[in-house]
Amino acid sequence: MYISDRDRLAAAYVAGRRDLVNHQAHSMALERRDDLLETGVVLDALALCHEQGAYLPRPYQEISRQLPEPGVELRTDVSDVADQLVRHDHCHGTSLTGNIPPGLEEGCTDTERDAVRAYLRREWLATRKFPTGD
1 MYISDRDRLA AAYVAGRRDL VNHQAHSMAL ERRDDLLETG VVLDALALCH EQGAYLPRPY
61 QEISRQLPEP GVELRTDVSD VADQLVRHDH CHGTSLTGNI PPGLEEGCTD TERDAVRAYL
121 RREWLATRKF PTGD
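No gaps in the numbering here: position 18 of the sequence shown is 18 in the numbering used here, and each next residue is one more.
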């Protein structure tokens, strides 16, 4: 958000223009959602280039000098971004496909991580305008 945009938003708030403030807040939420979707889809595509496998535990604490395999790190990173999208959609009601999975918690399972990734993919595909063939 640019300084001039923030100034206009502050002025609208001071003037009691809740309609403008609410509209701007909703626009900012949609922009954040777009950023999460784009980042998540790129990470997911990279993760899919590696063999399927497990994730790093949540929370992850590095206890040795041995680095995890890149695919494991990518799968973990994309599930974390997908979790942010899930939490965003729960909070703002911005899901396009519905059936939002729960957010990830400490000790979550690989199946729960797979579910938030699948949700990210469904939401991304819903934003694309593919011909239906009808």
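Do not rely on the hints blindly, as some may be mistaken.
[As the list claims (entries may be wrong)] Label pairs and their in silico Cβ distance ranges:
{"id": "1", "residue 1": "Asp34", "residue 2": "Arg8", "range": "37 to 45 Å"}
{"id": "2", "residue 1": "Asn22", "residue 2": "Arg87", "range": "34 to 42 Å"}
{"id": "3", "residue 1": "Ala126", "residue 2": "Pro102", "range": "18 to 26 Å"}
{"id": "4", "residue 1": "Ala15", "residue 2": "Ala45", "range": "18 to 26 Å"}
{"id": "5", "residue 1": "Leu96", "residue 2": "Tyr13", "range": "28 to 36 Å"}
{"id": "6", "residue 1": "Asn99", "residue 2": "Arg17", "range": "21 to 29 Å"}
{"id": "7", "residue 1": "Ala10", "residue 2": "Ala126", "range": "31 to 39 Å"}
{"id": "8", "residue 1": "Gly53", "residue 2": "Glu31", "range": "16 to 24 Å"}
{"id": "9", "residue 1": "Leu125", "residue 2": "Ala54", "range": "20 to 28 Å"}
{"id": "10", "residue 1": "Arg122", "residue 2": "Glu31", "range": "14 to 22 Å"}
{"id": "11", "residue 1": "Gly107", "residue 2": "Leu48", "range": "43 to 51 Å"}
{"id": "12", "residue 1": "Arg128", "residue 2": "Pro70", "range": "40 to 48 Å"}
{"id": "13", "residue 1": "Ile3", "residue 2": "Cys91", "range": "40 to 48 Å"}
Please keep in mind that the hints were generated in silico from the structure rather than gathered at the bench. Every residue, glycine too, gets a C-beta built ideally from N, C-alpha and C.
Are there hints from earlier that the structure breaks, and if so, what are their numbers?
1, 2, 4, 6, 8, 11, 12, 13
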